[in-house]
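Student: Fit chain B to the known structure of chain A by using the hints.
From first to last, the protein sequence lines are chains A and B.
With the working numbering, letter number 41 in the first sequence gets 41, and the count goes up by one each step, no holes.
With the working numbering, letter number 82 in the second sequence gets 82, and the count goes up by one each step, no holes.
Warning: the hint list may mix true and false statements.
As the list claims (entries may be wrong) - List time: in silico BS3-like cross-link candidates among lysine-lysine, alpha-carbon distance up to 25 Å: (1) B:Lys178 - B:Lys90; (2) A:Lys116 - B:Lys126; (3) B:Lys111 - A:Lys116; (4) B:Lys126 - B:Lys100; (5) A:Lys111 - B:Lys100; (6) A:Lys107 - B:Lys90; (7) B:Lys150 - B:Lys166; (8) B:Lys160 - B:Lys90; (9) A:Lys111 - B:Lys166; (10) B:Lys166 - A:Lys116; (11) B:Lys178 - B:Lys105; (12) A:Lys111 - B:Lys178; (13) B:Lys126 - B:Lys150; (14) B:Lys105 - A:Lys111; (15) B:Lys111 - A:Lys107; (16) B:Lys150 - B:Lys160; (17) B:Lys166 - B:Lys100; (18) B:Lys105 - B:Lys150; (19) B:Lys100 - A:Lys107; (20) A:Lys111 - B:Lys150; (21) B:Lys126 - B:Lys111; (22) A:Lys116 - B:Lys90; (23) A:Lys107 - B:Lys166; (24) B:Lys100 - B:Lys160; (25) B:Lys126 - B:Lys105; (26) B:Lys111 - B:Lys166; (27) B:Lys166 - B:Lys126; (28) B:Lys178 - A:Lys107; (29) B:Lys111 - B:Lys100.
Bear in mind the hints are in silico, worked out from the structure with no lab data behind them.
Read off the chains here:
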Amino acid sequence: MNINTDTSLSITSVSALTEKHSLSQSKDSVAASNNLHFQLTGVMLAATIMTSASTLPFQPTFNGSAVSIDVGVPSFRRTRRSSQAAIVTFSTELQRRSQSLSCEDSKLLRKVILSKAQPGIPRF
Amino acid sequence: MAGISLGELIKFFNEVFPILPGSEKPEQALRQFHAEEIGVIQVIRSPLQLWAQGDILEPIPFIDWTEEGEPVFWEAPGMIMTSTCDLDRKENIVLCPCLKLTELKELSAYKSIPENTIFDFLFLGKCLTGDEWVVDLSHPMTLPRQRIEKRIEEGNISRKHSLTDKGWYLFITKFAIKYLRSDDFETMNQR
Chain A
1 MNINTDTSLS ITSVSALTEK HSLSQSKDSV AASNNLHFQL TGVMLAATIM
51 TSASTLPFQP TFNGSAVSID VGVPSFRRTR RSSQAAIVTF STELQRRSQS
101 LSCEDSKLLR KVILSKAQPG IPRF
Chain B
1 MAGISLGELI KFFNEVFPIL PGSEKPEQAL RQFHAEEIGV IQVIRSPLQL
51 WAQGDILEPI PFIDWTEEGE PVFWEAPGMI MTSTCDLDRK ENIVLCPCLK
101 LTELKELSAY KSIPENTIFD FLFLGKCLTG DEWVVDLSHP MTLPRQRIEK
151 RIEEGNISRK HSLTDKGWYL FITKFAIKYL RSDDFETMNQ R
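Pulled out of the complex, with its shape left as it was, chain A reads as follows (with noise of 0.2 Å):
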């Protein structure tokens, strides 16, 4: 399934039409819910790489490729912010971009790990 990026930037429309139809199925509250759905997604992502951030290095995490925001704060904390926002664009694009494996594929990679069975189950 891929992630519609562009939600990121209409979140007040979304949170307008939500609240105004409450929980009726309209398209319009369909549509939003859907809208927001993905956009937490993208926090829920967001949220698992902050739990990581604690361990982020002091230096830029993606030297030469990460993107820098200039927030006006000292530099370790624009450092991170940094480093996590390109993270958190990176999982997001490459979500989007993504796709599951297909069901015949799927039924391949069965038989490659079967075709590597031996034989009984030993001691570990």
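Tutor: Showing chain B alone in chain A's frame:
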């Protein structure tokens, strides 16, 4: 969500996580993990001093079942999925098998695997035997930590590689994409 203003909720999330993707250059961020760049962006390195998430151990036993229900045992290098902080205090360790890329050449997705754009696989590049290797994220195996430690001590299991810093970021990204993708709309609607 009854009783919660969605607008306020989104505003709150944006305040807590002010790093949602904007209009930066994803192309540039993505390209560094493509196969042709893998020699520049090192994903795998020699083992760290202490074992850590993403380490590759070899050999690791995996068990599957045939369509008839018969158990199938096989061995492969395994990548540790368990968080580093859990490796010394939890009873179980979860590993996923590593496969040679060439073993997957019958798959229609074969050419996309080195681009790391298939949910199920983490492409590592050349490591272990010198071939190109792939982690199959869909085949986790749980093993008792104490037995793995014992077999490492005895020399029956070797620690082959650890992830570099960038490799680890790629790993958690692929892991999150594989297991934390959102449900389809209909399913979410039923929750």
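Student: If a hint holds in the structure, say so; if it doesn't, say that too.
Tutor: Consistency of the hints with the structure:
| no. | hint | in the structure |
| --- | --- | --- |
| 1 | B:Lys178 - B:Lys90 | holds (23 Å) |
| 2 | A:Lys116 - B:Lys126 | holds (21 Å) |
| 3 | B:Lys111 - A:Lys116 | holds (23 Å) |
| 4 | B:Lys126 - B:Lys100 | holds (9 Å) |
| 5 | A:Lys111 - B:Lys100 | holds (14 Å) |
| 6 | A:Lys107 - B:Lys90 | violated (34 Å) |
| 7 | B:Lys150 - B:Lys166 | violated (30 Å) |
| 8 | B:Lys160 - B:Lys90 | holds (22 Å) |
| 9 | A:Lys111 - B:Lys166 | violated (32 Å) |
| 10 | B:Lys166 - A:Lys116 | violated (31 Å) |
| 11 | B:Lys178 - B:Lys105 | holds (21 Å) |
| 12 | A:Lys111 - B:Lys178 | holds (21 Å) |
| 13 | B:Lys126 - B:Lys150 | violated (28 Å) |
| 14 | B:Lys105 - A:Lys111 | holds (12 Å) |
| 15 | B:Lys111 - A:Lys107 | holds (17 Å) |
| 16 | B:Lys150 - B:Lys160 | holds (16 Å) |
| 17 | B:Lys166 - B:Lys100 | holds (21 Å) |
| 18 | B:Lys105 - B:Lys150 | violated (36 Å) |
| 19 | B:Lys100 - A:Lys107 | holds (17 Å) |
| 20 | A:Lys111 - B:Lys150 | violated (32 Å) |
| 21 | B:Lys126 - B:Lys111 | holds (16 Å) |
| 22 | A:Lys116 - B:Lys90 | violated (30 Å) |
| 23 | A:Lys107 - B:Lys166 | violated (32 Å) |
| 24 | B:Lys100 - B:Lys160 | holds (15 Å) |
| 25 | B:Lys126 - B:Lys105 | holds (16 Å) |
| 26 | B:Lys111 - B:Lys166 | holds (23 Å) |
| 27 | B:Lys166 - B:Lys126 | holds (16 Å) |
| 28 | B:Lys178 - A:Lys107 | holds (18 Å) |
| 29 | B:Lys111 - B:Lys100 | holds (14 Å) |
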